[in-house]
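Undergrad: Sequence:
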Amino acid sequence: MNPRRFAKGLGLLLLLGISGIAQAQEARNGTNAASQLLIPLGAQFLGGSGAAAAITGIESVLWNPAGLDYGEGNVLVMVSRRNYIADIGINFAAVGLRFGSLGAIALHLRSLDIGEIQKTDEFNMDGTGETFSPTFFTLGASYSRAMTDRIRVGATVNLNYESFANVSTSGVTFDAGVQYDNFLGFGGLSVGVAIRNIGTSMRYDGSPLIIDARTPEGGRATTKYKVIAASADVPTVVDVGLSYRLFEGLSVSMTYMENTYGPSQVQGQLAYNLQNYIIVRGAFVQNVERQGDLKGPFDNRPAFGATLNLQPVLGVNMAIDYGFMPAQFFENNHIFTLRGQF
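For reference, each letter of the sequence shown is one residue, going -24 to -1, 1 to 318 in mature numbering (1 follows the signal peptide of the UniProt record, and there is no 0).
Accuracy of the hints is not assured; some may be wrong.
[To be verified] Below, computed lysine to aspartate or glutamate pairings styled on EDC-like, alpha-carbon distance capped at 20 Å: (1) 200 <-> 181; (2) 200 <-> 98; (3) 95 <-> 188; (4) 95 <-> 209; (5) 202 <-> 98; (6) 202 <-> 188; (7) 200 <-> 97; (8) 202 <-> 181; (9) 95 <-> 106; (10) 95 <-> 48; (11) 200 <-> 188; (12) 202 <-> 97.
[Said to hold, decoys possible] Computed Cβ-Cβ distance ranges for the label pairs, DEER-style: (13) 228 <-> 266: 23 to 33 Å; (14) 224 <-> 142: 53 to 63 Å; (15) 308 <-> 206: 47 to 57 Å; (16) 92 <-> 288: 39 to 49 Å; (17) 262 <-> 308: 33 to 43 Å; (18) 198 <-> 102: 40 to 50 Å; (19) 187 <-> 262: 39 to 49 Å; (20) 94 <-> 71: 34 to 44 Å; (21) 276 <-> 228: 55 to 65 Å; (22) 71 <-> 142: 31 to 41 Å; (23) 228 <-> 124: 23 to 33 Å; (24) 126 <-> 291: 48 to 58 Å; (25) 303 <-> 107: 19 to 29 Å.
Read the hints as simulated data drawn from the structure, not as lab findings.
Just so we're clear, the structure is a prediction, and the values are computed from it rather than from any experiment.
Ideal placement from N, C-alpha and C gives every residue a C-beta, glycine not left out.
Put together the whole structure using the sequences plus the hints.
TA: Now the structure itself:
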């Protein structure tokens, strides 16, 4: 098998997915399942507004799994926490292993810390006095392999689970990506294409959907009736991104993101590496089409981030990342990440 032809063919298939995704997306905004899959995680490129289609290392499992099999060390670890809107926290942990020419694998878990919610029903609109705590998590496994010294491919399978108040749903989604370094012979130019969240629709089920049914006339005894919840598709996303080293220490990244259930976006980041001790970043997210009242809290907003390299101090390849995302309507978001390669 010719690795260059394989990578080019995979990239073409991923690009062709954009045309299908773009159809009728405006009318479907906000109607998808598994919305947690669209919340960016990891401070390194969250501060870069997600301009990460060409990312490498353990954090690539969040954006483009092709980048997993690149970098130093054979053991990769990462933990991250995002303080999201409405007092919601998002936790993420990943561990990866490299096996030389065989490629690299990683296991990862993301979970939402939503807290307690007051229970209401059709008869108690102000609350029943009870509370419940939703459970939302995604368990994933990724594989990546460097086909040549310039080309990498990767894939991820995710199990998505949601439950609250004794109803639940689950589904399986897949990610795939390809990366190409020194694209078209330009040194320092990296290109990445990824498609994320291809999967089955999700439908809630559980005992609370069985309700009492009564006739208006009252001539029949009360019977049980099961409400069939509507199914919803997962939000498929295609990212096409590039990264370029302008000169020593300064790099620029840009990603075009097409979303089946949200606005298309252009995400950009400028980063400067200060003597490999500290990296500072500034970024911006711009919606391609006008959203009107549907604008999200982070749309058309800047983001900022920084990385502190711990290797000069501790002698091990570890780093602390911080991301800051100003939000409209809600509190600003703070993201912290600890990652390492050993």
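Undergrad: Enumerate the violated hints, using their earlier numbering and listing them in ascending order.
TA: 4, 10, 15, 17, 18, 21 and 24
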